[in-house]
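Asks: The residues making up each chain are set out below.
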Amino acid sequence: MVTNELTGSAIEVREVTLPGIGKKYVMPLRAGGNLAIVVRPDGERQMYHFREQEDRPCDVVKVDKEEAQQVANLLGQPLVGAPDLERLKLVLGGLEIEWIELGVDSTLIGTTVGASALRTKTGVSIVAIMRGEQAIPNPRVDTVFEAGDTILIIGSNPEIEAARDAVRSRA
Amino acid sequence: MSPILEFGLIALGLYTAGWISQRLGISAIVGYILLGIILGPHGIYTLYQETELIELLGELGIVLLLFYLGLEFSLSRFLESGRSTLLAGSLDLVNLVVGVGVGLVLGLGWLASLFLGGIVYISSSGVIAKLLAERDLVAYPETERTLGVLVFEDLAMVVILTGLGLITLGGGLIDALGVLFFLLIALLLLRFGRGLVDRLLSREGEAFVLLSLALVVLFSVLAKSLGFPEAVAAFLFGMVVAESRFKERVEQTLQSWHSVGAAVFFLGFGLHVDARAAVKQLPAALLLVVVTIVANMMTGYLSGRWSGLSRRASVGHGLMLLPRGEFSLVIAGLAAGVTSLPQETRTALSGMSSLYVIAMVVIGSFVFRYFDQINGWLEAKLKTPAERQAEATRQRELDAMRLDEKSLR
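Residue numbers (the working numbering), protein chains in the order written: chain D, 901 to 1071; chain A, 76 to 484.
Please keep in mind that the hints were generated in silico from the structure rather than gathered at the bench.
Note that CB positions come from ideal geometry on N, CA and C, so glycine has one too.
A few of these clues could be false.
Some chain D residues close to chain A (C-beta under 10 Å, calculated; not the full set) [unchecked claim]: (1) 919; (2) 922; (3) 924; (4) 926; (5) 936.
Calculated cross-link-like contacts (lysine-lysine; reagent style DSBU-like; alpha-carbon spacing at most 30 Å) [claimed, not checked]: (6) 322(A) x 962(D); (7) 205(A) x 456(A); (8) 962(D) x 205(A); (9) 965(D) x 205(A).
Input sequences plus hints: build the corresponding full structure.
Replies: Below, the structure written as structure tokens:
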């Protein structure tokens, strides 16, 4: 059993590995019946609808990776656990907002926002720092980065890439 | 015929056989075996012979078939698979016993009967996974159970192959020492091989292909020279590579070698089947088919019911496990090379197993194509008289209501 970690949803989803086929997620529907989603290794997703009391699906919708992304967008939530979507990205007219998690060995750990000179070096602005449950919006220059922080930055694509390099581990 | 021309003709022949099978909606395995039978030394026209090239590619095929199986096999997942899968897998072993029994009834003797048991027991995970995906059956509740049982069968097959290999390869103290020595190497590799493989395989381009091929093949050959079955060694090496970070890359890079090798192996198996001799084995093959269907359906149904699947899903579980294929042929191929078996027995065994596998692949494709219909029909047969009566009463009531409505109008 897994619960949706991202949204903290209380709806339980059963996850099953199907060797040689992929992964299956089964979610009970409040209106009755089940929704089963099968993720194939090539990125294809299949959505099966099971009516109440039925153990055979009454319908299936198959979408490729790109279509699946679009369906997810339409449903109003990014695909959870999709390998190509580890980075949640928002494109706003050339500007991007990006979440970067600081690893234990990131160069930023222990330095302050000011001393890191992230904006001078890369051009991105730090919008907020997410620390556990807590969010630090518009962090002050003397805020110290800690391991496990996720920084929310805004900038152009090359600036974001530069920032990604800058916060990477020392090795 | 020059080897290069032979190679071209093999590729062309296999392509054509695969294309025709696909058109007929059956697995390409059938086409490959039939190609070997029809155009082999006992066939209508001898285009293919049991040459060194075919032997080489076929052996590579077996090694890679088992290597890929090992790549996908996860011991931890197997151990986590839960009680119901373990129960289903154990009950499924009845099919092995039944196969051995049929062999003894047919008078094949103990050793050949053990081989026959393996041939009858092992379902084709390749054929089944492909059919499940093609027929949109992957989300059915019994699919999970079926795939779990297939993993169990894979492990059981490795044990069977090891046992049969050790019985037939040798005996004697020196051989036993060799096997122990190999097992020691294998254990060390399984425990510590991950880092070694990670370091060895960090190469690019053709260097990667060449080195991974060399490692897989030479490891298997080493095992063989120490008196250990090479197919099992390939499986073990697959498990080692599965732990490394190059698992997916190895899988992708060796894919075409794997497909070509396996196809040539099936062709090569067909080559030493004499169609005229095989026809004599038709009753035996028929018996095997009937026994497999009955035993397989019964064990599948019972294990499904015991573990709480619905009656429909339990019947479905039995149906899904029916196809036999590549691994039955691997065991049959191994049997064909056992010199301690009388020539007569070997001919009989390869004749009946080729017919058997062809029949089971065709039956399997048919069952999957009409899965819901066959499933429903069998489920209806299983209804108790009381249930049938209740249903008939309900139907009569419905009819009566409809009649009332009509008369009211």
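Asks: Now tell me if each hint is right for this structure.
Replies: Hint check results:
1. For residue 919(D), the interface hint holds, since its Cβ comes within 10 Å of a Cβ in chain A; the closest pair sits about 5 Å apart.
2. Restraint check, residue 922(D) versus chain A: the minimum CB separation of about 8 Å is within 10 Å; hint holds.
3. Because the closest C-beta pair between residue 924(D) and chain A is about 6 Å apart, less than 10 Å, the hint holds.
4. Restraint check, residue 926(D) versus chain A: the minimum CB separation of about 8 Å is within 10 Å; hint holds.
5. Hint status for residue 936(D) relative to chain A: holds, with the closest Cβ pair at about 4 Å, below 10 Å.
6. In summary, the hint linking residue 322(A) to residue 962(D) is supported, as the alpha carbons are separated by about 28 Å, within the 30 Å threshold.
7. In summary, the hint linking residue 205(A) to residue 456(A) is supported, as the alpha carbons are separated by about 28 Å, within the 30 Å threshold.
8. Pair hint residue 962(D) plus residue 205(A) holds up; C-alpha atoms about 16 Å apart against a cutoff of 30 Å.
9. Among the hinted pairs, residue 965(D) with residue 205(A) is consistent with the structure: their alpha-carbon atoms are about 20 Å apart, no more than 30 Å.
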